[in-house]
Amino acid sequence: MFDLDRWREIFQSINKNRLRSVMSGFTVAFAILLFTLLFGVANGLGNFFKGAFVDTAENSITVRVRQTSKPYKGLQTGRKIQLKNKDYEYVSKTYKNKIEYQSAIIYKNFSIKYKNEASTYRVSAVNPDYQFLEKTIITDGRFLNNRDVQEKSKSIVIGRLIKEDLFGGRPAVGKRVNVNGSSYLVIGIFSDEGGDNEERKAYIPVSTAQMIYGNNDYISQINVGYDRNLNTDAAIAFGSQIEREMRAKLNIHPDDQTALSVRNMAESNKFISTVMFALLLIITFIGSGTLIAGIIGISNIMIFVIKERTREFGIRKALGAQPSSIVGMVVQESVLITTIAGYVGLSLGTYVLSLIGNSLEEDYFIVNPSVSPEIVIGATIVLVLSGLIAGYVPAKRAANIKPIEALRGD
Numbered sequence: 001m002f003d004l005d006r007w008r009e010i011f012q013s014i015n016k017n018r019l020r021s022v023m024s025g026f027t028v029a030f031a032i033l034l035f036t037l038l039f040g041v042a043n044g045l046g047n048f049f050k051g052a053f054v055d056t057a058e059n060s061i062t063v064r065v066r067q068t069s070k071p072y073k074g075l076q077t078g079r080k081i082q083l084k085n086k087d088y089e090y091v092s093k094t095y096k097n098k099i100e101y102q103s104a105i106i107y108k109n110f111s112i113k114y115k116n117e118a119s120t121y122r123v124s125a126v127n128p129d130y131q132f133l134e135k136t137i138i139t140d141g142r143f144l145n146n147r148d149v150q151e152k153s154k155s156i157v158i159g160r161l162i163k164e165d166l167f168g169g170r171p172a173v174g175k176r177v178n179v180n181g182s183s184y185l186v187i188g189i190f191s192d193e194g195g196d197n198e199e200r201k202a203y204i205p206v207s208t209a210q211m212i213y214g215n216n217d218y219i220s221q222i223n224v225g226y227d228r229n230l231n232t233d234a235a236i237a238f239g240s241q242i243e244r245e246m247r248a249k250l251n252i253h254p255d256d257q258t259a260l261s262v263r264n265m266a267e268s269n270k271f272i273s274t275v276m277f278a279l280l281l282i283i284t285f286i287g288s289g290t291l292i293a294g295i296i297g298i299s300n301i302m303i304f305v306i307k308e309r310t311r312e313f314g315i316r317k318a319l320g321a322q323p324s325s326i327v328g329m330v331v332q333e334s335v336l337i338t339t340i341a342g343y344v345g346l347s348l349g350t351y352v353l354s355l356i357g358n359s360l361e362e363d364y365f366i367v368n369p370s371v372s373p374e375i376v377i378g379a380t381i382v383l384v385l386s387g388l389i390a391g392y393v394p395a396k397r398a399a400n401i402k403p404i405e406a407l408r409g410d
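Under the UniProt record's numbering, the first residue of the sequence shown carries the number 1, and numbering increases by one thereafter.
None of these hints come from the bench; they were simulated from the model. Mixed in with the good hints there might be a few duds.
[As the list claims (entries may be wrong)] Pairs of lysine-lysine, BS3-like flavour, derived with a Cα cap of 30 angstroms: (1) K16 x K249; (2) K80 x K115; (3) K96 x K307; (4) K96 x K84; (5) K108 x K86; (6) K93 x K115; (7) K270 x K98; (8) K108 x K80; (9) K98 x K16; (10) K96 x K108; (11) K70 x K113; (12) K16 x K307; (13) K113 x K98; (14) K249 x K152; (15) K307 x K135; (16) K152 x K113; (17) K402 x K307; (18) K154 x K135; (19) K86 x K113; (20) K402 x K16; (21) K86 x K175; (22) K96 x K152; (23) K80 x K152; (24) K249 x K70; (25) K73 x K86; (26) K84 x K16; (27) K70 x K16; (28) K96 x K113; (29) K135 x K93; (30) K84 x K307; (31) K86 x K98.
[Stated by the list, open to error] Label-pair distances were calculated between CB atoms; the ranges are: (32) D5 x K402: 22 to 28 angstroms; (33) G78 x P171: 25 to 31 angstroms; (34) F271 x N85: 29 to 35 angstroms; (35) S372 x F11: 31 to 37 angstroms.
We treat Cβ as the ideally placed atom computed from N, Cα and C, and that holds for glycine.
Could you put the whole structure together from the sequences, leaning on the hints where they help?
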């Protein structure tokens, strides 16, 4: 199992041939280093794409309207398109079998005041399902419910940072705040993975906003969450169907992208999946090339080493050494160098990725570059096995040479 004398010989051989050992190790370490960096960068790009939609439900479809940019059916360009409650109800009734969640939205910017603290925040008037469409995390109290909407209650759910701005460390749920001149009861506090901007928002019932701020039935946009049982293609087709029918209902030109836009997360997810798959293929190809280069490098070095030590093997055999002991010593030395070098390359690559961190996000869209330990360890094992084979094959051939022939070798 553990032959101390053999290990002494291995370390003596490594010490005696430092340059050869360093070159062998460098080939492996450099291959693993590049492999780690390539996959880390690929994962960093994937994290950027995922982070762009971290606070939005993966099955979300958003319908927005603005002004027309094309004339249609005798209607002029520049016509303002306005969504109303009847449009919201139309979507709800027409597609009820394909919709999991649905919410209307009205965007406002209001001053929110509590005692002597006040500031202006984005206030969104929504329906209760918006909690799931926006992945809002309630940390205290509750979100809006159907009763709030039906009774047009002056209830408000505020973000974590609004709570800190206005209340500091004091409790906020159950307190009343002044919202643009009207008193609202704080019923909940929420957090959001989308970042600070998302946590400086507040939500009120859509019916309350329509009654107090305009006395109308206007809404800014419609959000729906399609049935998660729909596959990607079916979800994309569903979004296209909503767009076609809403264009027809609102008399919008089929090619007028300014007047109406439908953002379908299924399309975004499909695009991200396609990009990541293509990127993975490219990285795998380059990474495999790097590993193959490392394998070839260490193989060439081991062939040279075996040839250089042929005379030594002849002397060992003349003194009674068995071919298996010679082969075992060479293989152990090869595996030892490869393993240590692989670990060095892995450690260095991981350290560089941690050092980079999020510094490449702004210019290169790389967020938290990292690599799965399983992938890199697997690559290291491949190189170790390659080192084993690279040492075994020429060592086996050299060990089978007759002592007299080995002693005559140049």
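Status of each hint after checking the structure:
no.	hint	in the structure
1	K16 x K249	violated, 85 angstroms
2	K80 x K115	violated, 40 angstroms
3	K96 x K307	violated, 77 angstroms
4	K96 x K84	holds, 18 angstroms
5	K108 x K86	holds, 21 angstroms
6	K93 x K115	violated, 44 angstroms
7	K270 x K98	holds, 19 angstroms
8	K108 x K80	holds, 18 angstroms
9	K98 x K16	violated, 74 angstroms
10	K96 x K108	holds, 28 angstroms
11	K70 x K113	violated, 43 angstroms
12	K16 x K307	holds, 16 angstroms
13	K113 x K98	violated, 41 angstroms
14	K249 x K152	holds, 28 angstroms
15	K307 x K135	violated, 65 angstroms
16	K152 x K113	holds, 21 angstroms
17	K402 x K307	holds, 14 angstroms
18	K154 x K135	holds, 23 angstroms
19	K86 x K113	violated, 34 angstroms
20	K402 x K16	holds, 25 angstroms
21	K86 x K175	violated, 35 angstroms
22	K96 x K152	holds, 24 angstroms
23	K80 x K152	holds, 27 angstroms
24	K249 x K70	holds, 16 angstroms
25	K73 x K86	holds, 22 angstroms
26	K84 x K16	violated, 84 angstroms
27	K70 x K16	violated, 81 angstroms
28	K96 x K113	violated, 39 angstroms
29	K135 x K93	holds, 24 angstroms
30	K84 x K307	violated, 85 angstroms
31	K86 x K98	holds, 19 angstroms
32	D5 x K402: 22 to 28 angstroms	holds, 25 angstroms
33	G78 x P171: 25 to 31 angstroms	violated, 50 angstroms
34	F271 x N85: 29 to 35 angstroms	holds, 33 angstroms
35	S372 x F11: 31 to 37 angstroms	holds, 34 angstroms
In summary, the structure is inconsistent with hints 1, 2, 3, 6, 9, 11, 13, 15, 19, 21, 26, 27, 28, 30, 33 from the numbered list given earlier, while agreeing with the others.
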